[in-house]
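First to last, the sequence lines map onto chains Z and E. Residue 366 is where the first sequence ends in numbering that gives the first Met the number 0, and the numbering goes up by one at each step. Residue 366 is where the second sequence ends in numbering that gives the first Met the number 0, and the numbering goes up by one at each step.
With a Cα cut of at most 25 angstroms, we get these calculated BS3-like pairs of lysine-lysine:
hint, chain 1, residue 1, chain 2, residue 2
1, E, Lys215, Z, Lys215
2, Z, Lys330, Z, Lys153
3, Z, Lys265, E, Lys265
4, Z, Lys265, Z, Lys153
Note that these hints are calculated values from the structure, not bench results.
Protein chains: 2
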Amino acid sequence: MDGNGKAALGWMKGRTTRRSGALAAAAIAASLLGALGGCASGTDATSASESQAIQATARASATALPSWRDSKSRQDIVNFVERVTRQGSPDFVPPAERIAVFDNDGTLWSEHPLYFQYFFLLDQVKAAAPQHPEWKNDPAFKAIMANDIAGAAKEEKRLLSLIAQVSGGMTVDAYDKTIRNWLDTARHPTLNRRFTDLVYQPQLELMNYLRANGFKTFIVSGGTLEFMRPWSERVYGIPPEQVVGSTYGITYTMRDGQMTLVRGPKIEFINDGPGKPVGIYRHIGRRPILAVGNSDGDLQMLQYTMAGAGPRMAVLVHHDDAQREFAYDRKTSIGTLDKALDEAGKKGWTVISMKQDWSQIYPAARP
Amino acid sequence: MDGNGKAALGWMKGRTTRRSGALAAAAIAASLLGALGGCASGTDATSASESQAIQATARASATALPSWRDSKSRQDIVNFVERVTRQGSPDFVPPAERIAVFDNDGTLWSEHPLYFQYFFLLDQVKAAAPQHPEWKNDPAFKAIMANDIAGAAKEEKRLLSLIAQVSGGMTVDAYDKTIRNWLDTARHPTLNRRFTDLVYQPQLELMNYLRANGFKTFIVSGGTLEFMRPWSERVYGIPPEQVVGSTYGITYTMRDGQMTLVRGPKIEFINDGPGKPVGIYRHIGRRPILAVGNSDGDLQMLQYTMAGAGPRMAVLVHHDDAQREFAYDRKTSIGTLDKALDEAGKKGWTVISMKQDWSQIYPAARP
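Take these sequences, add in the hints, and give me the full structure.
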């Protein structure tokens, strides 16, 4: 369940040391994450004759996906949507059951060189420094201030303690404002764009296409709820109530004479790996028929989706475009795709090549 | 947070003994519950002139509520809906923000003489008896088999242990089937109808009316998720993903050679009292503008709803109809309404008199 936590810290350590921290530390670290990126090639199990029969309509629908090249991946998706929405078809799925789940990091937006939520958390520590003179000689803090991420990661426990100190005890409203302010101003270190501009244009089109076909779209991410909700509706068209994520302990308690929701210092639920089917069960209560991920952290979500009866589809995004985005799969520690890649090959899941299947990666930048 | 758990056990003990069990026991007990019933009189804070201005349209809309008598409660609700949906009005609320939350037990269906989920759990223990010969001399088990509920409750710890043994370790699918089978066959001990026929017809109309006006309706109940979801869509029109409830620990694990979701023996989150605003925050992520409850277990949900900016409305159902349903408020231990009743009076919240405001309580029975 904390595979990504380990990966994240592994990355921060420049991949030189192995992870050793306490469970609590692992839990906090694991909250920062999402997924692990993928490659291979496969197909949704549509019969050849059925494929032919629906090709005409499929082509028409595909105009809804302008940033998708006319590839097998797009055809797989369009075929699937046509199959489950065609009235009277044996594969018809009633709209209420058309649940589509998307991982976030690496599936809907970029995740390199570090999960974006992690950039936020490090910036939070920096911003809180003036209120914490006692941090002055803390080695993790000193490393962060020197932008020495690998150095900070060597002080893992101290680092996680700093992160916990920054937001534990904040009201959820104050924390929400902090996130919104950061998203408005922070920029990606190498791509130099706002983080919410680093979402994938083809996926925005895919989610719109699915919703136009009666699907309900959900995010199912290892990231925390409150980090995604402020922008999921505006950017993805996914309302807050359809965001499933990791959760901190929250209590309803008295603060400044008013009852209010206050954040605890600890992660309560890690919605990653085997946590994703649990999060889906608790939040959605129906098994999805379509799941899209990009990493080993999504494997169980894809397996859980595919284990149900009737037509269903599993999709992986493969990060193979070093020029326009990033290229990584088995050997990275942020968004590692290894086991899920093998399984996609064996099971014939659809694997999107970002390089070949997408004509555009990001939307036009906001002014 | 375990106020209702205490109440439930208090009732089972025939109100003669006070509760004494361990925290774990309290947590399990508290899961069985929902709310605490109410009475008083108040009004939504609509100005007189505004009321007059919208009375014509309000009257028309009220035809959507045929089981509601033409009372102040109905007028309060219709006025509120008209205010927040009128384009260009300063009180206009965009559809995405029209979140309405309903408690379940005592608010959408009956809860006397015992929370219905509790009847299910006791029947489960009886049904599992053949697989548990070791229970033979257990005093709690013997009391249950003799339908001596007060006697069983005297053996609180043993009783809760039996309940935990029955479903802990079941797959969620198997548990779901058990619930569906029970709901199909079990009947209320005094009203002699299926439990899902003991929902309130006026509330079904209210939820339809709200949805027709762009509201998204949610259940926010102390009962557990899996007990409500199998029928919430068919009966209430509320899909599983809009049911917020108490949750058991669930793990995704290997069972008979397949990965599957398995129930743990323990409650992880109690969605009651101060837990309700937490459940709303985590599941919905927006503050409701309309909350309907019937007991002190709903007080914090109502307070949280009313503490936001803009137009908002809090409603209590008062169980004052001994002839057609049950009459109880401050002195009952199932659905106690005491503090919330006082607060409704002070704050002018709308209080529904089941006796006076509803021309019909239950829908026609299914064949």
